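Taking our numbering, I'd label the letters of the sequence shown as residues 328 to 604.
Don't take every hint at face value.
Just the calculated beta-carbon pair ranges, DEER-fashion [as the list claims (entries may be wrong)]:
#1 L571 x G384: 51 to 61 Å
#2 K353 x R522: 52 to 62 Å
#3 K353 x Q581: 36 to 46 Å
#4 R341 x H381: 11 to 21 Å
#5 P365 x T515: 42 to 52 Å
#6 A345 x K510: 13 to 23 Å
Everything labelled a hint here was simulated from the structure, so no lab data went into it. The structure presented is a predicted model; accordingly, all values stated were derived computationally and were not measured. Just so it is clear, CB atoms sit at the ideal spot from N, CA and C, and this is done for glycine as well.
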Amino acid sequence: MPDIGRVNRLTVSRQSPAGFYLDGGKLGDIFLSRKNAPENCEIGDVIDGFIHHHSDGSLIASSKTPLAQLGDVAMLKISQINDTGAFLDWGLDKELLLPYAEHMGELTAGKKALVKIYLDKSYRIVASMKLDEFIEDTAPHLARGQRFTVIVAGKTELGFKAVIDNEYWGLLYDSDLIRPLRKGEKVTAYVKKVRDDGRIDLSIQPILTSGQGDVGAKIIAQLEANDGFLAVGDKSPPEAIYSLFGVSKKIFKQAIGRLYKQERISIEAQGIRLFKP
Numbered sequence: 328m329p330d331i332g333r334v335n336r337l338t339v340s341r342q343s344p345a346g347f348y349l350d351g352g353k354l355g356d357i358f359l360s361r362k363n364a365p366e367n368c369e370i371g372d373v374i375d376g377f378i379h380h381h382s383d384g385s386l387i388a389s390s391k392t393p394l395a396q397l398g399d400v401a402m403l404k405i406s407q408i409n410d411t412g413a414f415l416d417w418g419l420d421k422e423l424l425l426p427y428a429e430h431m432g433e434l435t436a437g438k439k440a441l442v443k444i445y446l447d448k449s450y451r452i453v454a455s456m457k458l459d460e461f462i463e464d465t466a467p468h469l470a471r472g473q474r475f476t477v478i479v480a481g482k483t484e485l486g487f488k489a490v491i492d493n494e495y496w497g498l499l500y501d502s503d504l505i506r507p508l509r510k511g512e513k514v515t516a517y518v519k520k521v522r523d524d525g526r527i528d529l530s531i532q533p534i535l536t537s538g539q540g541d542v543g544a545k546i547i548a549q550l551e552a553n554d555g556f557l558a559v560g561d562k563s564p565p566e567a568i569y570s571l572f573g574v575s576k577k578i579f580k581q582a583i584g585r586l587y588k589q590e591r592i593s594i595e596a597q598g599i600r601l602f603k604p
């Protein structure tokens, strides 16, 4: 059965002067206006249609894909606020309702809100800013090194909370970041650690596992390619370190510390030098 609030593959079953009807299976016929239909739409065509509700409660479809779908966490612009709540621009003619009961803080038209899209008790597609009611604190089934596109949700004392796969909380530590993050920003992140309590630590750096190489080896290779000296050290900007080695300053400092203890490099005021016995 097709999913309400998602893009589905649907067959055009009949048409009327106002538009077309799509075969929704157990959902029944779903109306598709000519305005929201693909060009040269005909009976028998199979189209990608986003199913949502008309203001009268009936199901309608659109060939437009919204900015976010049911179950997604997304940063959406507030287009207006009235007695019903706030309305969000999600790329469709009919805007997405953010009911007053789901607000957090003072909202302003023209600003953006980070929301979870869900079906309320009346099976309406609506949004909520109360992410903690929808996002799980733990995800013990995840594995170290797994890659996700996460959405940044807010600042904490240790770093930034981020939503993994629209379902789970993770934490990006300040010490692992090469630049500040913004609420609502999407970034690629990796599972750094699954804690004993099932909570997830994340990193924007790829996690080195067996066979993936070593940061120290990259540093030695760069030194050998530059006559044994690099003008980078523990006081270098994080951006400079990342551009050379693709890692955070914290990981770089750990790596040069290991190389120094192994007597493979010397650390000087102006940079690091390949040790020559």
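Hints numbered earlier in the text: which of these fail when held up against the supplied structure?
2, 3, 5 and 6
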